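Residue numbers (full-length UniProt numbering), protein chains in the order written: chain A, 1 to 253; chain B, 1 to 253; chain C, 1 to 253; chain D, 1 to 253.
Read the hints as simulated data drawn from the structure, not as lab findings. This structure is a prediction, so every number in the text was calculated from the model and none was measured. Treat the hints with caution; some may be incorrect.
It does not matter which identical chain is used: a pair holds within one copy or between any two.
The calculated SDA-like cross-link candidates involving lysine to any residue, where the alpha carbons are at most 25 Å apart (straight line), are [stated by the list, open to error]:
id, residue 1, residue 2
1, 207, 232
2, 122, 23
3, 122, 107
4, 207, 131
5, 207, 84
6, 122, 237
7, 207, 114
8, 207, 235
9, 207, 236
10, 207, 120
11, 207, 87
12, 122, 2
13, 207, 143
14, 207, 4
15, 207, 73
16, 207, 7
17, 122, 210
18, 207, 71
19, 207, 33
20, 122, 161
21, 207, 230
Protein chains: 4
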Amino acid sequence: MRLYGTEIASRLLLGTAQYPSPAVLAEAIRTSGTAVITVSLRREGPGGGGFRDLIAQAGCHLLPNTAGCHSAQEAITTARMARELFGTDWIKLEVIGHADTLQPDPFALVEAARVLCAEGFKVFPYTTEDLILGERLLEAGCEVLMPWGAPIGSGQGLRNPEGLRSMRAHFAGVPLVIDAGIGAPSQAAAAMEMGFDAVLLNTAVAKAADPVAMARAFGLAVQAGRLAHEAGLMPRRDMAAPSTPIFGMAELL
Amino acid sequence: MRLYGTEIASRLLLGTAQYPSPAVLAEAIRTSGTAVITVSLRREGPGGGGFRDLIAQAGCHLLPNTAGCHSAQEAITTARMARELFGTDWIKLEVIGHADTLQPDPFALVEAARVLCAEGFKVFPYTTEDLILGERLLEAGCEVLMPWGAPIGSGQGLRNPEGLRSMRAHFAGVPLVIDAGIGAPSQAAAAMEMGFDAVLLNTAVAKAADPVAMARAFGLAVQAGRLAHEAGLMPRRDMAAPSTPIFGMAELL
Amino acid sequence: MRLYGTEIASRLLLGTAQYPSPAVLAEAIRTSGTAVITVSLRREGPGGGGFRDLIAQAGCHLLPNTAGCHSAQEAITTARMARELFGTDWIKLEVIGHADTLQPDPFALVEAARVLCAEGFKVFPYTTEDLILGERLLEAGCEVLMPWGAPIGSGQGLRNPEGLRSMRAHFAGVPLVIDAGIGAPSQAAAAMEMGFDAVLLNTAVAKAADPVAMARAFGLAVQAGRLAHEAGLMPRRDMAAPSTPIFGMAELL
Amino acid sequence: MRLYGTEIASRLLLGTAQYPSPAVLAEAIRTSGTAVITVSLRREGPGGGGFRDLIAQAGCHLLPNTAGCHSAQEAITTARMARELFGTDWIKLEVIGHADTLQPDPFALVEAARVLCAEGFKVFPYTTEDLILGERLLEAGCEVLMPWGAPIGSGQGLRNPEGLRSMRAHFAGVPLVIDAGIGAPSQAAAAMEMGFDAVLLNTAVAKAADPVAMARAFGLAVQAGRLAHEAGLMPRRDMAAPSTPIFGMAELL
């Protein structure tokens with residue numbers, strides 16, 4: 001998988017927040033097999049040296065994020081600081097529009113993406129499944145889209161599968177990474193089977209009873225889903241009434 | 001995982017029907033990592049030597065089945081012949097009750113299980129999620145239950161998840177293997193996350209465009225699901241309205 | 001709709017248990033428009049005269065039930081007493097197999113149905129969506145089947161829609177009444193749209209904040225669903241990517 | 001229900017396109033009990049007098065729409081013409097962003113809403129379940145929001161129920177009308193049970209085998225759903241294993 005021209009060895013991207021300890025995080029990164037980890041600027045500051053050493057030693061691509069930003073300007077400023085601090089022009093662009101659902105703000109997102117792309121950033125926007133919003137982000141210069149599966153931290157999985165399938169079909173040649181909402185490996189595998197290019201998650205691993213084992217589970221599930229997508233899934237069959245179908249509709253519920 | 005006192009190294013059980021060629025089957029068995037393969041008596045007969053050599057070389061436990069039997073007597077006779085032919089007292093007991101859905105016949109299933117258990121067979125019954133039927137099968141002497149996820153060959157996955165969760169909770173100490181209906185690795189992982197002990201499948205691998213890659217995908221997915229079950233999944237959260245819930249019901253749809 | 005040769009004016013059957021007061025029950029019966037109400041033998045006894053007058057004045061067909069019976073013999077005895085007490089040979093046959101889910105016991109159900117049909121009862125069996133069980137009940141003499149939507153009192157709706165569609169298709173000429181599990185009018189309407197002949201419910205009305213209004217809601221919903229079934233529902237359309245479908249499967253989730 | 005200060009007698013809003021004949025449309029309007037019908041400017045023109053008489057005689061509030069518009073300017077121009085032609089400042093604002101899914105264009109929608117609200121229109125925007133987009137529309141001056149259930153003409157029902165529940169909870173005091181995607185009366189009832197104020201539909205009635213009967217079915221279903229919402233639905237209960245729950249998650253699938 002190539003993202004902004006860089007070959008990435010794993011289709012699982014991992015967040016680094018909320019782990020019980022730096023040691024658990026380091027081991028989770030290792031067992032997951034991830035090649036890209038997100039880091040939040042807010043983690044840095046006095047005393048943050050341990051964390052920084054840890055991520056440096058992980059041997060992964062860093063994807064700084066603008067987590068917690070609620071306006072375009074705040075996100076832009078945070079992105080610029082992250083570029084200085086982490087020495088990369090990759091940025092996961094989050095502009096949170098609503099405190100309840102942590103959904104992106106479509107308007108501020110496009111505005112910030114335009115500015116940052118123009119400044120040479122490689123922008124990874126956290127977006128919804130809205131097709132028009134996705135088009136605007138591509139026009140702004142993004143080469144990757146990261147639609148949510150469900151609200152951040154909810155573990156609801158893919159709550160609008162039809163909408164996500166539309167998005168996958170519409171942006172056939174664009175790398176699409178499901179970002180947020182994944183709570184179980186089966187959900188990550190389902191996203192990959194649908195043809196998404198990768199999955200980014202954090203809470204489901206960090207808040208598992210055993211984060212290290214869960215990290216490995218997600219690593220396997222993402223591989224399984226990708227393999228299955230490439231291997232060609234069997235068609236789903238309706239077994240209800242092979243002889244005399246009695247419904248005037250394909251599927252009621 | 002122990003089934004009838006035998007330690008089984010993999011939680012994926014694999015069927016051997018419908019593969020494009022013996023070579024593809026042999027390779028699928030290998031990449032899946034399975035330790036138990038089902039074999040049908042009807043495959044045997046004049047000229048079947050190649051298949052028999054193949055399964056002998058696979059190094060797996062054999063689980064002969066009574067596929068295609070529509071009465072208790074037919075299944076009992078088939079089981080006896082399978083014991084002779086394959087040299088094992090393991091038997092996957094299928095008594096098909098209905099041609100459309102290939103669902104088990106609960107009455108004939110219990111009848112056949114009683115006779116076969118009394119004759120020393122280790123019976124693996126293909127059953128529904130019916131709790132009472134499960135209890136009768138245990139009373140008959142079965143030590144494993146194999147509930148369907150969905151009709152054989154349908155690829156619908158787990159079509160009654162609430163019913164299956166009831167079954168898992170009710171038979172807490174009994175090995176339960178999801179048998180039939182699984183069409184995608186994500187579905188196999190979901191079954192394992194729910195706490196089922198193993199998954200048995202055939203069509204989803206045999207009829208994949210690339211059966212060998214799909215076999216590997218299922219092997220990984222079953223591992224992922226089991227690991228996740230043991231590692232403790234994060235709780236699912238409702239993000240809709242943290243402040244003022246407006247529904248009189250927990251979940252409408 | 002004809003049930004055992006009797007024309008029934010409404011496709012909503014209503015239970016009479018758990019209401020806050022007899023007056024509320026009487027009014028709920030009226031506003032629902034039901035023509036058949038179930039009554040439990042256990043409600044009768046010393047002091048039960050008021051309830052009996054109430055149901056006599058409701059002008060509905062009585063359908064006594066064997067609620068709470070856990071064996072064939074207990075259900076048979078209860079049915080005989082109900083025939084004496086209520087002066088009808090209609091009997092809703094419940095044989096509860098499992099305390100957790102209140103699912104029917106398939107074995108005891110068939111046994112009791114055989115005995116009661118032979119004694120001239122018009123048996124309305126509370127059953128599962130199991131096709132073979134349904135066939136056995138018809139062989140026993142039942143002319144109506146009443147599959148559960150979900151466990152009694154759960155309000156989960158139709159928890160195995162594919163299984164219920166199979167049942168509807170398989171028993172094309174048999175009156176099928178969804179009995180148990182319905183929690184909301186939309187679920188009752190969905191059952192009717194799928195082609196079921198009627199819906200029987202109790203808890204969803206009796207335990208509503210306003211049972212009388214809810215009874216009316218269910219009456220309307222059942223009418224709406226039946227009308228829609230007869231009027232021919234529009235086909236469901238997949239809107240994702242009309243030009244270049246990218247999935248090898250009809251529907252993943 | 002009050003919309004822009006006008007009391008509306010029915011919670012079902014009906015479209016007038018695609019009917020087999022004017023006579024069928026007139027009868028469908030009557031049996032549905034609707035009080036608001038949408039009309040498209042494009043229906044008008046030479047020879048359109050019959051249709052205009054028909055809707056005048058229907059005795060309903062007219063809600064002209066901007067169906068088929070793909071830009072803010074096009075929608076604004078169409079709205080102005082509709083005001084002249086139909087003599088009402090009500091306008092259903094549609095700005096289609098994508099031909100495949102017929103989803104609204106969030107950016108053009110807000111732009112057009114601002115202009116039209118400033119010109120004194122009472123704008124009914126066809127929108128998505130996006131909370132931020134909804135807020136922008138209210139800021140622009142809209143007093144009603146009309147989120148899609150699913151793509152126009154798809155009959156998929158409520159394809160993102162969690163997202164719609166978030167929207168209902170977030171905009172507690174704003175009239176919300178589900179517009180588009182409803183294919184069956186049960187789906188309309190479900191929307192009303194969730195607390196939406198009304199439902200707008202067209203294809204599901206116009207394309208039914210019997211549009212007049214289907215119109216009546218939807219009228220009843222919307223009443224049923226609203227009554228149920230007010231009457232207080234019973235809580236949904238999980239019946240699996242009341243004693244010893246074995247899952248670390250509330251709901252896996």
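Structure-based check of each hint:
1. When the C-alpha separation of residue 207 and residue 232 is checked against a cutoff of 25 Å, the pair qualifies only between copies, where the shortest distance is 9 Å, while the shortest distance within a copy is 33 Å.
2. In this homomeric assembly, residue 122 and residue 23 never come within 25 Å of each other (Cα to Cα): the closest approach is 30 Å inside a single copy and 46 Å across copies.
3. For the homomeric pair residue 122 and residue 107, the shortest alpha-carbon distances inside one copy (19 Å) and between copies (24 Å) are both at most 25 Å.
4. For the identical chains of this complex, residue 207 and residue 131 are neighbours neither inside a copy (32 Å) nor across copies (27 Å), given an alpha-carbon limit of 25 Å.
5. Within a single copy, residue 207 and residue 84 get their C-alpha atoms no closer than 30 Å, and across copies no closer than 52 Å, so neither meets the 25 Å cut-off.
6. In the homo-oligomer, the alpha carbons of residue 122 and residue 237 never lie at most 25 Å apart, since the shortest distance is 43 Å inside one protomer and 32 Å across protomers.
7. Taking CA atoms no more than 25 Å apart as the test, residue 207 paired with residue 114 passes in neither setting, with 34 Å inside one copy and 44 Å between copies.
8. With identical chains, the CA atoms of residue 207 and residue 235 are at most 25 Å apart between copies only, with a shortest distance of 9 Å across copies and 35 Å within one.
9. Taking the shortest alpha-carbon separations for residue 207 and residue 236, only the inter-copy value of 12 Å comes in at or below 25 Å, while the best intra-copy value is 34 Å.
10. In this assembly of identical chains, the alpha carbons of residue 207 and residue 120 never lie at most 25 Å apart, being 35 Å within a copy and 47 Å across copies at closest.
11. With identical chains, the CA atoms of residue 207 and residue 87 are never at most 25 Å apart, being 29 Å at best within one copy and 48 Å at best between copies.
12. In this assembly of identical chains, the alpha carbons of residue 122 and residue 2 lie at most 25 Å apart only when taken from the same copy (13 Å versus 49 Å across copies).
13. Neither within a single protomer nor between protomers do residue 207 and residue 143 lie at most 25 Å apart by alpha-carbon distance, with minima of 31 Å and 35 Å respectively.
14. Taking the shortest alpha-carbon separations for residue 207 and residue 4, neither the intra-copy value of 30 Å nor the inter-copy value of 36 Å comes in at or below 25 Å.
15. For a Cα distance limit of 25 Å, the shortest separation of residue 207 from residue 73 qualifies neither inside one copy, at 31 Å, nor across copies, at 49 Å.
16. For the homomeric pair residue 207 and residue 7, neither the shortest alpha-carbon distance inside one copy (29 Å) nor that between copies (32 Å) is at most 25 Å.
17. When the C-alpha separation of residue 122 and residue 210 is checked against a cutoff of 25 Å, the pair qualifies neither within a copy, at 34 Å, nor between copies, at 36 Å.
18. For the homomeric pair residue 207 and residue 71, neither the shortest alpha-carbon distance inside one copy (28 Å) nor that between copies (45 Å) is at most 25 Å.
19. In this homomeric assembly, residue 207 and residue 33 come within 25 Å of each other (Cα to Cα) only inside a single copy, at 18 Å, whereas the closest approach across copies is 30 Å.
20. Taking the shortest Cα distances, residue 122 and residue 161 never come within 25 Å of each other, neither inside one copy (28 Å) nor across copies (34 Å).
21. With identical chains, the CA atoms of residue 207 and residue 230 are at most 25 Å apart between copies only, with a shortest distance of 14 Å across copies and 31 Å within one.
Of the numbered hints stated above, those contradicted by the structure are hints 2, 4, 5, 6, 7, 10, 11, 13, 14, 15, 16, 17, 18 and 20, listed in ascending order.
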